[in-house]
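Student: Spelled out, the chains give:
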Amino acid sequence: MTLLLSAWTIGLILSLLALGVYISYRVFKFADITADGSITFGAAVAASMLTHGRHPLAASGAAFVAGVLAGTCTGILHTRFKINQLLSGILVMTALYSINLHVMGSSNLPLLSATTLATYAQDLGRWISGHDSATLMGWPVSARDLGSLLLAAAIVMVIAAILWLFFNTNLGSAMRASGDNEQMIRALGVSVENMIIIGLAISNGLVAFAGALLAQYQGFADVQMGIGMIVWGLASVIIGRALIGSDSVGAALTGTILGSVLFRLIIALALRWGLNPNDLKLVTALFVFGALVLPAALQKVRRHAAAS
Amino acid sequence: MLQLRELQKTFFAGTPNEVRALRGVSLQIEEGSFVTVIGTNGSGKSTLLNAVAGSFLVDGGAIAIAGRDVTRWPEHRRAAMIGRVFQNPFSGTAPAMTVAENLALAARRGLGRGLGSLLPARLQNELRDRVVTLNMKLETRMHNPIGTLSGGQRQALTLLMATWRRPELLLLDEHTAALDPKSADQIVRLTERIVSQHRLTTLMVTHSMQQAATLGDRIVMMNQGIVLADYAGTLRRHVRAEDLVRRFDEIRRDEQLDASAAEMLRENYV
Chain B
1 MTLLLSAWTI
11 GLILSLLALG
21 VYISYRVFKF
31 ADITADGSIT
41 FGAAVAASML
51 THGRHPLAAS
61 GAAFVAGVLA
71 GTCTGILHTR
81 FKINQLLSGI
91 LVMTALYSIN
101 LHVMGSSNLP
111 LLSATTLATY
121 AQDLGRWISG
131 HDSATLMGWP
141 VSARDLGSLL
151 LAAAIVMVIA
161 AILWLFFNTN
171 LGSAMRASGD
181 NEQMIRALGV
191 SVENMIIIGL
201 AISNGLVAFA
211 GALLAQYQGF
221 ADVQMGIGMI
231 VWGLASVIIG
241 RALIGSDSVG
251 AALTGTILGS
261 VLFRLIIALA
271 LRWGLNPNDL
281 KLVTALFVFG
291 ALVLPAALQK
301 VRRHAAAS
Chain D
309 MLQLRELQKT
319 FFAGTPNEVR
329 ALRGVSLQIE
339 EGSFVTVIGT
349 NGSGKSTLLN
359 AVAGSFLVDG
369 GAIAIAGRDV
379 TRWPEHRRAA
389 MIGRVFQNPF
399 SGTAPAMTVA
409 ENLALAARRG
419 LGRGLGSLLP
429 ARLQNELRDR
439 VVTLNMKLET
449 RMHNPIGTLS
459 GGQRQALTLL
469 MATWRRPELL
479 LLDEHTAALD
489 PKSADQIVRL
499 TERIVSQHRL
509 TTLMVTHSMQ
519 QAATLGDRIV
529 MMNQGIVLAD
539 YAGTLRRHVR
549 AEDLVRRFDE
559 IRRDEQLDAS
569 AAEMLRENYV
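Sequence order for the protein chains is B and D.
Counting in the numbering used here, the first sequence runs from 1 upward without gaps.
Counting in the numbering used here, the second sequence runs from 309 upward without gaps.
Please keep in mind that the hints were generated in silico from the structure rather than gathered at the bench.
Every value quoted in this text rests on a predicted model; they were computed, and no experiment measured them.
Treat each hint with caution, since some may be false.
[Stated by the list, open to error] Subject to a maximum C-alpha distance of 20 Å in a straight line, what follows is the list of computed SDA-like cross-link-like pairs (lysine to any residue): (1) B/Lys-29 - D/Ser-399; (2) B/Lys-29 - D/Ala-404; (3) B/Lys-29 - B/Phe-167; (4) B/Lys-29 - B/Phe-289; (5) B/Lys-82 - D/Pro-382.
[To be verified] If you only want the chain B side, here are some residues facing chain D, beta carbon under 10 Å, derived: (6) Ser-173; (7) Gly-179; (8) Met-184; (9) Ser-248.
[Stated by the list, open to error] Sample of chain D residues lacking proximity to chain B, with all beta carbon distances greater than 12 Å (derived): (10) Glu-326; (11) Glu-338; (12) Gly-340; (13) Arg-376; (14) Arg-430; (15) Ala-486; (16) Ser-504; (17) His-515; (18) Gly-541; (19) Arg-554; (20) Ser-568; (21) Asn-576.
Think of the CB as a built atom: it goes at the ideal place given N, C-alpha and C, for glycine as much as any other residue.
Just chain B, same shape as in the assembly (with noise of 0.2 Å):
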């Protein structure tokens, strides 16, 4: 249960990463690598802030306001000085490395003794169950276990839906429209630069605020947590976009949200039945490539059977 319990957790915390990936792939259909270096820097930016004594949400803003400004960066070359999309994130992301470690001043950073999120969530499981432990459907649970997921569901939620409003409001929809059409929108009187830079900086100020909650969660930040995380977006992103099979604002934002979540179970579940962490990143990336591959191959195998 235990297990389970931390599998949904965090899947709800990456689902925020999911959410920036959500606005810089489906949106902008902008494969942006930053996000494996702007969720570290969360991380990084929140465990010094914390471990010099800082107020968590303190902290938790910080983080997300340290991935605007890297997402800003990855929109300005790619805008202003016409980098290639992904070379762009490679950079930043490169750069990043280096700004990580030095915001940490160490590769790794535990947050055992500080008052972070985790300790509120903590407070939150022992105010609701009375005591340490808790019953879940009949499985004993820790206090903080649950407060940790209640604490996680409850910021995805708000952050939802505050990105379905901004989604409707006159900027957010056209930067949908920016991905859309960008032709139409330009006619329209939009700078599709300026939208690529601001929805770069939200996105990868989600990425950065969900490392943020991840180094709280998990008790410490380090320098290598961001690798492979994009495709982890990806990853939820695409299974989002199979759950619910709509293009709505609502509905890939519900879809992005429980893609994370099934996606963190089913590793938990696969890790559970032997699958050797080692090669976790492996069949993520095979998972990925499959996804990726298998609708067109799936449509042309049944051109084939309705031809003949």
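Once you have looked at the hints, place chain D on chain B.
Tutor: Using the frame of chain B, we list chain D on its own:
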């Protein structure tokens, strides 16, 4: 209203594929006039329209709209003054977004886009009222993705979007060429109605001599990146589609003559 002075544009300069698309085009268009631009493929007529819209910056010359020099303005900034309909009916609308959303985006052409709601109730009513005037029963499909509509329907909506806020200048780039004859006819009639209703200054590129002869009050004929003929006033009133076709045949004959003469000279003297 629109002043073009000595516009020059060369694509792929310095390569074997070099194309001198505009070779000094000057044109002056009065407020409220409806000008059709005709020409063969590669005559530079679409390039001219794109130069005005700002799809690229010209190599030389100047463009002024409503007295303002916009030569160096980027496309999205010029869009505050320009309404535009493309040849491809899919170019003018965002397919994954709904009919209402597309129209609402157009309702803010040239205005700032902040955190206000895209579709406040008041605007939704106005959208429906204006869509009803198209007589295409699209008011029942306001919340469908616009990508599910036909090319003709999308082009009618694009026209509505381009003129939602009165543009200083309306640019139509062969906007009926990709449609079936019935839809094309519908769009032509809609164009006439909207242009006369709002007294819009319009520049329309067309490949159809018939359209050129029946629509608008002035015809500009282009060939090889220059303005070859300009029919305005009385001259325009007397010109018929056949006259335009004959003129084109003459050009084609001259060009073939040139080509064969050059060939003969080469054979004899080189």
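Student: Are all beta-carbon distances from D/Ser-504 to chain B longer than 12 Å?
Tutor: Given a closest Cβ separation of 23 Å, the condition holds.
Student: Beyond 12 Å from every chain B Cβ: check whether that's true for D/Asn-576.
Tutor: 50 Å, holds
Student: Quick one: work out the minimum CB distance from D/Arg-430 to chain B and report holds if it exceeds 12 Å, violated otherwise.
Tutor: Label holds. Min Cβ-Cβ 14 Å, cutoff 12 Å.
Student: Checking hints one by one. Is B/Ser-248 an interface residue toward chain D, by the C-beta closer than 10 Å rule?
Tutor: 9 Å, holds
Student: Is the Cβ of D/Glu-326 farther than 12 Å from every Cβ of chain B?
Tutor: For D/Glu-326, whose nearest Cβ neighbour in chain B is about 22 Å away, the distance exceeds 12 Å, so it holds.
Student: Using Cβ atoms and 12 Å as the threshold, tell me whether D/Gly-541 really stays out of contact range of chain B.
Tutor: 32 Å, holds
Student: Over 12 Å to the closest beta carbon of chain B is the bar; see if D/Ser-568 clears it.
Tutor: It holds; D/Ser-568 is separated from chain B by about 41 Å at its closest Cβ, greater than 12 Å.
Student: Does B/Met-184 pass the interface hint, meaning its C-beta sits closer than 10 Å to a C-beta of chain D?
Tutor: Status holds, d = 6 Å.
Student: Holds or violated: B/Lys-82 with D/Pro-382, Cα cutoff 20 Å?
Tutor: Judged against 20 Å, a Cα distance of about 16 Å means the pair holds.
Student: Examine each Cβ of chain B, and state whether all of them lie more than 12 Å from the Cβ of D/Gly-340.
Tutor: 22 Å, holds
Student: Beyond 12 Å from every chain B Cβ: check whether that's true for D/Arg-376.
Tutor: 15 Å, holds
Student: Straight-line Cα separation of B/Lys-29 and B/Phe-167 no greater than 20 Å?
Tutor: The hint holds at about 16 Å.
Hint compliance for this structure: no hint is broken.
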